[in-house]
Structures are given as structure tokens and as C-alpha cells.
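*Asks:* Chains as they are written, first to last, in numbering that gives the first Met the number 0: chain A, 0 to 345; chain B, 0 to 345.
Watch out, some of these pointers could steer you wrong.
Note: identical chains are not told apart, hence a pair may lie in one copy or across any two.
Said to hold, decoys possible - In silico DMTMM-like pairs for lysine to aspartate or glutamate, Cα to Cα no more than 20 Å straight-line:
hint	residue 1	residue 2
1	93	47
2	93	111
3	93	178
4	93	199
5	93	109
6	93	112
7	93	108
8	93	303
9	93	302
Bear in mind the hints are in silico, worked out from the structure with no lab data behind them. Predicted model only: the values in this text are computed from it and were never measured.
These are the residues of each chain, in order.
There are 2 protein chains.
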Amino acid sequence: MTETVPRPTLEAVAARAGVSRATVSRVVNGADGVREPLAERVRRAVEELGYVPNQAARSLVTKRHDAVAVIVAEPETRVFADPFFARQLRGISKELTAHDNQLVLLLTEDRDDHARVGRYLAGGHVDGALVFSLHIDDPLPELIQRAGLPTVFGGRPDWSGGGKGVVYVDSDNRGGARDAVRHLLGLGRSRIAHITGALDQTSAADRLDGFRDVMVGADPRLVVEGDFTPAAGERAMRELLGRCPGLDAVFAANDLMAAGALRVLREHGRRVPDDVAVVGFDDMLPIAEQTDPPLTTVRQDIEEMGRLMARLLLRDLDRTTSAPEDAGGAPSGVVLPTTLVRRASA
Amino acid sequence: MTETVPRPTLEAVAARAGVSRATVSRVVNGADGVREPLAERVRRAVEELGYVPNQAARSLVTKRHDAVAVIVAEPETRVFADPFFARQLRGISKELTAHDNQLVLLLTEDRDDHARVGRYLAGGHVDGALVFSLHIDDPLPELIQRAGLPTVFGGRPDWSGGGKGVVYVDSDNRGGARDAVRHLLGLGRSRIAHITGALDQTSAADRLDGFRDVMVGADPRLVVEGDFTPAAGERAMRELLGRCPGLDAVFAANDLMAAGALRVLREHGRRVPDDVAVVGFDDMLPIAEQTDPPLTTVRQDIEEMGRLMARLLLRDLDRTTSAPEDAGGAPSGVVLPTTLVRRASA
DNA sequence: GGATGATCCGAGAGCGCTCTCGCCTCCCGT
DNA sequence: ACGGGAGGCGAGAGCGCTCTCGGATCATCC
Numbered sequence: 000m001t002e003t004v005p006r007p008t009l010e011a012v013a014a015r016a017g018v019s020r021a022t023v024s025r026v027v028n029g030a031d032g033v034r035e036p037l038a039e040r041v042r043r044a045v046e047e048l049g050y051v052p053n054q055a056a057r058s059l060v061t062k063r064h065d066a067v068a069v070i071v072a073e074p075e076t077r078v079f080a081d082p083f084f085a086r087q088l089r090g091i092s093k094e095l096t097a098h099d100n101q102l103v104l105l106l107t108e109d110r111d112d113h114a115r116v117g118r119y120l121a122g123g124h125v126d127g128a129l130v131f132s133l134h135i136d137d138p139l140p141e142l143i144q145r146a147g148l149p150t151v152f153g154g155r156p157d158w159s160g161g162g163k164g165v166v167y168v169d170s171d172n173r174g175g176a177r178d179a180v181r182h183l184l185g186l187g188r189s190r191i192a193h194i195t196g197a198l199d200q201t202s203a204a205d206r207l208d209g210f211r212d213v214m215v216g217a218d219p220r221l222v223v224e225g226d227f228t229p230a231a232g233e234r235a236m237r238e239l240l241g242r243c244p245g246l247d248a249v250f251a252a253n254d255l256m257a258a259g260a261l262r263v264l265r266e267h268g269r270r271v272p273d274d275v276a277v278v279g280f281d282d283m284l285p286i287a288e289q290t291d292p293p294l295t296t297v298r299q300d301i302e303e304m305g306r307l308m309a310r311l312l313l314r315d316l317d318r319t320t321s322a323p324e325d326a327g328g329a330p331s332g333v334v335l336p337t338t339l340v341r342r343a344s345a
Numbered sequence: 000m001t002e003t004v005p006r007p008t009l010e011a012v013a014a015r016a017g018v019s020r021a022t023v024s025r026v027v028n029g030a031d032g033v034r035e036p037l038a039e040r041v042r043r044a045v046e047e048l049g050y051v052p053n054q055a056a057r058s059l060v061t062k063r064h065d066a067v068a069v070i071v072a073e074p075e076t077r078v079f080a081d082p083f084f085a086r087q088l089r090g091i092s093k094e095l096t097a098h099d100n101q102l103v104l105l106l107t108e109d110r111d112d113h114a115r116v117g118r119y120l121a122g123g124h125v126d127g128a129l130v131f132s133l134h135i136d137d138p139l140p141e142l143i144q145r146a147g148l149p150t151v152f153g154g155r156p157d158w159s160g161g162g163k164g165v166v167y168v169d170s171d172n173r174g175g176a177r178d179a180v181r182h183l184l185g186l187g188r189s190r191i192a193h194i195t196g197a198l199d200q201t202s203a204a205d206r207l208d209g210f211r212d213v214m215v216g217a218d219p220r221l222v223v224e225g226d227f228t229p230a231a232g233e234r235a236m237r238e239l240l241g242r243c244p245g246l247d248a249v250f251a252a253n254d255l256m257a258a259g260a261l262r263v264l265r266e267h268g269r270r271v272p273d274d275v276a277v278v279g280f281d282d283m284l285p286i287a288e289q290t291d292p293p294l295t296t297v298r299q300d301i302e303e304m305g306r307l308m309a310r311l312l313l314r315d316l317d318r319t320t321s322a323p324e325d326a327g328g329a330p331s332g333v334v335l336p337t338t339l340v341r342r343a344s345a
């Protein structure tokens, strides 16, 4: 029946406690300057009436919303299909709720959505934004930046438009890739191939860079471009086997492609890791543990990334409202370390 | 520098267009009763000033927020770890944004969170709630119902407290399970085992019921309780093999457990599907396609579930504000069909 | 003991919007 | 040509809150 009972207002609480609205407001918001006996009376009135402040009214005057938008671009892509997203979100959520902020989720797929998001942000419904923009040339970052909202990006945005004040959190894709390749070298492998991710994503580009850092002057035929899908992993592996039958190791830019490569390797009678060692990236569970053999891979702390993004944003918000200095020396990028997880494939 | 430029107000637009606030409001909200030339002038003023309505001010008077909460309980569990969640969320998001509603995401993990969520909902920040409550005995559903907010549940809530007006969307777990088992029978299998999910979740219980519907009077030793994890799948499969070495088919309550079972089967030298046919549930990509052999499984349209949940809620919201009749004859549960996806494992 | 702060509390304005109400205009019928 | 009705538009109140400012209260110091 949802017979919406009119919720008690500040006024009502004030009347019940026999004080003014201002006093109730002070007590409710934890401001000092109210003597104990009075404050106690107010608290009791709040309790008895079940008073809960009306956020809309409060926002109207404070111009704060205690809400931040989380914008995920193009959820069709892999990032949405895998458990990453959920983990990241959990990290964000934890940090946000710990600071009494709400999480408004915006998923975008096409240009129309972008316009809508732009309007939404400009509309001043939220205090800041956390943005996951996956592709180079995505118009979203610029759009958002223009809205003038404090923003933190997830993953290094390849945003030509001047990365001056751009704050982002990323994991150490390049360093992780280096670790993976060095591990392979340490295993005595020398003909190491790389299956890249979709190179219009900075993570893929960075992993490729990491590979090259270690394998300077490697045979260019040992690098095949993929797109993060298992099918691409299979295709790339077949191509590699054709080009360089003598290869003894493969570093795939993610676990999904590594799984695909594993299948093709088995199909061709190559034993893993005896003949060919395989390393993935992401430590995407449950994939990495379910392959045969289980995958050696590079793990990133997804949840911590989310947490950190939220933390950086909240810090920014505090500063914007209190001390309006800085806006220049802020650490523009935070890179989280990765760890190599050894399983059976390498 | 984010030098927040004071955003134009209705007042400003009115001044610029040379009309009253009321008229601008009418135009902005699409109400009729404004003659064209005037309306056009207003629209131009809106355009020129880049006016965007202040949602807080609007909510203050309309008591509508055009926002709904999506509450996900205990994201530690499997549902959060797999891609389901993201898909569902996408469905919800699409439907919501199509109707200009915002999505406020609330993830809860423990009792404290429950209290917080309760307060939040009672606080009247959102117009309704979409709730994913996974476990039987979860206090959340009742809490929410008490808040008196229109609510739609994802998955059949096993909520003893009277499912009178409870609206939920679920997929046909029982029917899907029946299809899976019948498919196995159709393959000429007769000694069919079942690995259940965590039976404190209605989905697992329903799938077990479906299994029993078809396998009436089956040897009880052919049913082993699992918990939806791959490890449980392995353990259960081992146990089954010990108990009934002659089994010729396994129906696992989800793909993760099926994958575990597959491994154990291979380890014991049983060929799939020749010796033992295996069927999973969920069609969880990329797992189902990556196993060896690829998994025959029961697919549910996750995204559609999300969409439908949102649609039902929005419908409810409309009704609450406009026609306050009904509140009795509403369809309390909507069950979405499942489809069997044939791959190589059965 | 009276002036002097310091502290506590209330009055009141105002945030940006919606919505009712009443006035004014314009069109129609006769 | 005039009365009446309908429809377009503006004035103003008020949603529930915060916050400034001034008045009241009380302790403190000479």
C-alpha cells in the first residue's frame, strides 16, 4: 500500500524538543555550540520521531551532494564481461560508503549516451566522477573534463588533450609485462612470443612496451596483435606457430588469450610448459585457475585500484571545498604494482 | 581550477526570455499551455545560457528523485565474482536511463551495511529499489520492505515473512534443470547424477527440484551437495565417482562446478561425453566455451532479467504517483525462460 | 558590582524549483 | 457588438534545509 507517511521535518523535531530549527540542525550535523542537556533533548526527539534529514533540501543550500558518478564506457567490451568490473566497483563502493558518499552508476555505450552523461554531469547532481574510459580517442574524458568536475580516471587515459591536471590510477602494466618476460627468460626460454591486447587501449600498449623493454631487438615476427578475446588468442597462436615453429614461450596480454593459446598449443601437440611456457596477465579468476595447465600470470589488485580511485577523488573534493589552493602539483598518476603468480604453465 | 561558475537558474532564463519563472518551468518540463513563439524564445534562452535544472530543488518540491537504488547483498559471493552481475546491471541501466532515472548502487557485506542501507532507503533519496538478495534468511528483504519503498527482487526471495506483494524476476531454474536432465535422458543416459549449488540459495534449490521432477525415485546417492565453486565441483565429482562408478551423466548446478567435474573426469580417464555426459547451468562465458570439451549448458538471459526488473519497478512507480488503486492483483513473480545450449560435453 | 567578552541559541532569509490561483487576453456564439 | 468561456501567463507561496547575525545569558576580571 506504500501509504507514504509524511516524514518528519526539522521543524517537527524542533517543536518536539522545544528548540529552534537552527539548534536541531546543529545537533544533527554534529556542529558544536549546543549545550549538553539541550543537545540530548534534541537527540531524543530525533529518535522518537525517526527523523531523517531530507537530502534534497540540504543539497539545495550546501551545493554538495555527497554522491559521485562512476562512469563506465562501452560495457560491451571485455572489461565489462569479466569480473574486473565488479571487483573495482566493490573497492570504490567500500571507500565511498566509508565516507558517506553515494555511488551513481552510469554505463555508456554510444554517442547519445555520451551526450546524456555530459548533461548529467553538467547538471551538478554529483560532486565528482570516477571514469573508466577504455579506448584511445574516446571523446568521453574530454567531455567530462569540460564539465569541470573533479575526476579520477581508471587506467591511464591516452588523452591527447593535455594531461595537465589529469588524475588517474593504473596498474603497472609495463612493469608487470617485464616481470612476466623476465620470468620466462629465467626459465631458460629465449624465443619468446607476445600476443598483444587491443592496441587502442593503453593497457595493451603498455604491456607491449614492457615486453619490448626486455626483449630488445626481438624478431618482430614474434609479436602478433590480438584483441583480448580467446578467439584472438587462438588465431594469434596459430599464426605464431606457423611463423616461428621454434618458439619456446608465449606471453599473452591477458588470461583469456592465454587460454586460447593453450588450446591451440595442445591441439598442435606442444606440451605446456615443457615445450612452450605460457604466461598470461590479469589473474582473472576463475579462468586462470581453470585452464589446463593452470596459468602463470600477472596479478593486479583490482579492488585496491577502485579504492584508491575513490580515495583520490574524495581527497580532491575536500580540497575543492575547503582550501582552494593547489590544482597544479597534484600527483597526476598513481601506478599500482603487480605481482607474478606462478602456476603450472610457466 | 574548477572555478565553479554559478550555474544559471530558472530565474535567469526567465529574465533573458522576458517571461516569468512559471513559464520557463512549463517549457522545460514539456507541459503545454505555452504558445509557440514564446516557448521558442524560452528554449533559445535555455540554450544560450546552458541552463540545466537543479535536481535538488526540483526534488524538494516534487518529492520525486528519478533515481532507484540497486542493492547487491554480499558481493563476496559467486554472483559478484562472475560476469552475471555486470550483465544484469547493464540491463537495468539501459532500462533506467531510457526513462531518465538514475542508478544508485549499494553494495552490502555485513550487518552494519544493512543498517546503513535501511537508513538510506528510509531517507527517501530514491523512489524505489532493485534488490539482489542471495541467501535464505537474509534480513535485507524484510528491512527493505519495511522501508515502504516499491521494490523488485532479483531471483525468487525465500522470504518467510509473507510473499504477499513481493515482486520478483527470476529465471526458470526448475524448468531449465528439467530440460537439462531430459536432454541427458534423450542421449540415452540413465544413471544421471546431480551436483547441487549452495542450497541456501533458491536458485540451487529450484534446480535440484527440477532434477528430481524428471528423475523421480532416483538413487539418492546420485545427488551431491556443492556450493557453486569449481572446487566443490571437483570434490563432488570425486565423491560421485566413488559412490557410483557406473554413472553415465552429470548435471551440475552451474558451469563452474561442471568445469571442476570435467577435470576430475579426465583425471580418472573418463571420456566426455562418450563415457560421461556433462551439462552445466548459466552459460557463463567465457567459462562454458573454454572448457575441454566445451560445455553443454542452460542459458538464462541475464540482461533481460535486469531490464525486466527495472521495467517492473518503473511501472510500479508510475502507478504509485498517478493511480493509487491495485496493490493486490499485481503479478508477484515473473519467470524468464531458459534455453539449452548444446556444445560438445553432452 | 558593573563592564567585557565569550558562548549559546533563535529569528529570518534564502537556496532553485513547482504549482496553485487568479488575471488578462482572445475567440466564439448570438 | 457584447457577454462568456477557454486558454495563456505571471505572482507568490512554500518545499526542508543551512547559515548568518544579533540578542540573551553567563562567567570573568578589575
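*Asks:* Decide, hint by hint, whether the structure agrees.
*Replies:* Evaluation of the provided hints:
{"no.": "1", "hint": "93 x 47", "result": "neither (30 Å within a copy, 41 Å between copies)"}
{"no.": "2", "hint": "93 x 111", "result": "between (31 Å within a copy, 12 Å between copies)"}
{"no.": "3", "hint": "93 x 178", "result": "neither (30 Å within a copy, 40 Å between copies)"}
{"no.": "4", "hint": "93 x 199", "result": "neither (31 Å within a copy, 26 Å between copies)"}
{"no.": "5", "hint": "93 x 109", "result": "between (29 Å within a copy, 12 Å between copies)"}
{"no.": "6", "hint": "93 x 112", "result": "between (27 Å within a copy, 10 Å between copies)"}
{"no.": "7", "hint": "93 x 108", "result": "between (26 Å within a copy, 10 Å between copies)"}
{"no.": "8", "hint": "93 x 303", "result": "within (10 Å within a copy, 28 Å between copies)"}
{"no.": "9", "hint": "93 x 302", "result": "within (10 Å within a copy, 25 Å between copies)"}
Checked against the numbered hints above, the structure violates hints 1, 3 and 4; every other hint is satisfied.
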